[in-house]
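Colleague: Each chain, written out:
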Amino acid sequence: MTSPLTTKDLSCGKPTWCPGCGDFAVLNAVQRAIIELGLKKEEVACVTGIGCSSKLSEYLDTYGFHTIHGRSLPIATGVKLANPQLTVIDAGGDGDGFAIGCGHFVHAARRNVDITYILMNNQIYSLTKGQASPTSDRGFITKTSPEGVEETPINVLFMALTAGATFVASGFSSDVVGLGKIIARGIKHKGFSFINVISPCVTFNKLNTYDWYKRCVYNVEDEPGYDPLSYDFALKTALEYFERKPIGVLFECETQVFREVIMSRNPIPPARQDISDAKKYSALMEQYLRK
Amino acid sequence: MIKHSVNITIGGEAGDGILSAGEILCKIFFATGLGLCTYKNFPSRIRGGHTAYSIRIADSLCESGDPETDILLVFDEESFAVHNRELKDGSIVIYDSTKVKNVVKVDKKVDYYAVAISEMAVSKFAKPMYKNTITVGFIAAILGLNEKAVEDGLEKSIKSKKGEDVFKTNLEACRFGANYYKNELKGRTIAAPSADHKNVVMMTGNEAIILGALTAGCKFAAAYPISPATEIFEALCTLLPKNGGTVMQAEDEISAICSAIGAGFAGARSMTSTSGPGISLMAEALGLAACAEVPVVIVNVQRPGPSTGLPTKTEQGDFYHALFSTHGDIPRIVLMAGDVNQCFDFTVKAFNLAEVYQCPVILLSEQALGQNKFVAPALDFSTVEIDRGKLKTEEELSKPDYKFLRYGFTADGVSDRAIPGQAGGVHIASGNEHLESGRITERPDIRIKITDKRMKKIEEAKNSRHLPKPVYFGAGCAQTPFEKYSSGSAQDARPSDGVPRDESSPLGIICAGHNAGIVREALEILAAGNGPKFAVMQITSIMPLPADEISKFASGKKKVLVIENNFSGQLANIIKMHIPIHDKISSILKYDGIAFSAKEIAAKLSEVCAQN
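Protein chains in written order, with our numbering: chain A, 1 to 291; chain B, 1001 to 1612.
If you are wondering where the hints come from, they were derived from the structure by calculation, not from laboratory data. Keep in mind that the hints are not guaranteed to be accurate.
As the list claims (entries may be wrong) - Taking lysine-lysine and the BS3-like style, the derived pairs with C-alpha atoms no more than 30 Å apart in a straight line are: (1) B:K1242 <-> A:K190; (2) B:K1403 <-> A:K41; (3) B:K1159 <-> A:K291; (4) B:K1186 <-> A:K280; (5) B:K1159 <-> A:K280; (6) B:K1403 <-> A:K279; (7) B:K1027 <-> A:K279; (8) B:K1027 <-> A:K14; (9) A:K280 <-> B:K1161; (10) B:K1242 <-> B:K1159.
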């Protein structure tokens, strides 16, 4: 029996995030979740797109795939479908997931593919040094919005719920222990888990700071009438997101996972099938053949 | 070679059931042992607009359509007008007098028969759709087809799908049509070609690719519906889950290739199938697969571009795109299949090459090959081989003295590969520039070394046994144009490595894809008329390009004609990038969305020779 993993075992390289960046806590929380669930390194595949937050896969010592901007969700979906035995974690920023990758988000959620998607939401593009993102608040002055953002920000929780995500939660980088538990619950959930993590950028977002967020977050589980099985409750809670930000699991329901039926018929994952006996497929030619 | 062939065309409005009549006829002809190829002219819509299904039957296997029609059946006025110009002395036309009122006859010895087919179908069999089987009966009578073969063909087409009753009514309608033609119309007959091809298949290029993918062990496919490639993914949606694999209908082609890359990273042989617009969307991910060294197969059934272009027509216009799309320098392999057998073989090879060289492999086909049926030698499963390259087993990875480096520098540029789930192989794959471990780096020295390593793989692939070799035929070559069909076995259909034996002809032709089979027949037509002789080289691998072989082929030639279906002579230009034969090369081009015919190429070749 091997000894349980530590966060150090799951760490790799020296993160290039700015001191104080919320992303450190997300990395740590992911590691805590892996440890809590007793997963082995090789059973986890972490897929990320491009951006500061997408560097998470570089610093997590599991299987990883640091891919291209906005496309981590279809790639993670492919990994999971090819080998459902893997724990697939996708992490990325609000630009990656909700600007360039927004279309994929909706479809990954409605497919209910069994992966965990962690949005590291800082409401700004940081790797390109400070442009407005699709979650930036209206009026926010950035390099690309010198007169303030004019677009309505995307309500990611509401979008996740309406797109069909079967696990929707929100966390905050200032509570790494709590975040680790939410991520562990998301990983355990069978189906598409969406976790919106408030992960402040201390360098380029001087509006939505730790202090600013601390004033508007609250523990959703303390709310009167809290019921993670209630879609109505989750929708109502999500709709308030721009005024007050819930922390905790908003919604969780078990329903058929994408390709569950096919997987139940094929206990060996597609990626692990023995493909050496190619000649057996000659039988498929029969219907086209004149002997 | 083809001594006798008959071309049958059925024309009408989309939704008239032209397709089902054509499919039934194909099954009947195939059952009798004839050679056959089809040419479907379908608009990109479900109902309305002119539609035609042409079937050329021959005493030999054939790959070229015929621009002249022997038997024409038309259900609407537009079809009547469109196909009039294809008629020749001796043609027979039957038109639906219920619909076709404006009859302008051509000034040739053509027999026209007016039959109220639609009315007949309703009055005798209660449904207008029975006009298709009545039509089948007419054709059976014109060609004097064996009744048993007709019945078998109908049964195979209808019984399993629509049941016994529908089959019986169809059989009746067909017999009625045959008797009506013989007894009421007292119509003229045309001698059917006679052949008894054995160990042959009748399938489309797309169907051959489907079988190739399954045989190669493809276990994941993702795609977005697109003409003319949709059938490939449709079939895989049923077949892969039954064979240990899985599929995903993607929200767009970006998602399709990305999920295929994800599955490839996870260790499944994976693919996507698409056409021009989809390939355009896949450009960025192509670079990811190459940089992260993830195997993936991309099938591109080409259609005319740019933009939406002509979705249901044919072209060979994506050579540049296949070779150059994506930013930066990437290793990629581009194959081009020219017939049903190559569609099958090259698909298997594509999967092997993708895993052996850990890079994206693009397999080019084209609408005319992908969506038309051909009677071809049976697919050859005996030589199929699965080569997974440097994919390591868990046992190998866990050896005490072994250190796994995903992008380790090696002599051939190919590194050991591990897949998630394997202990001892934990690594990061990356589209960022990376160290041997896969971790991100910006070190200039590593950047050079790892770029060189990646690009080295294409040099290596040149000598791979999995890379299809050029096919030579015609003057001075080991293979005569029709030798590949001589015994009707797949053995002859596989690319011959025979290089030209002598330099008996100063004229050379270079072509790729579906044009190869059409050029074969064009050479036979020229030979029959004591026309000029040509040596032909069919290029099957666009990247790596067999530059040395092309150079050798061209060295004894005064002129090299590159025949291709696009505006700019893309293949010719690619050849010129590699070999300084600019003074010898000229192009024969076609970009009207319609495939060449052998007659057309023969005429153009004669013309070129007359000019010189």
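Colleague: Hint by hint, where does the structure go against what was stated? Just the numbers, ascending.
Modeller: 4, 6, 8
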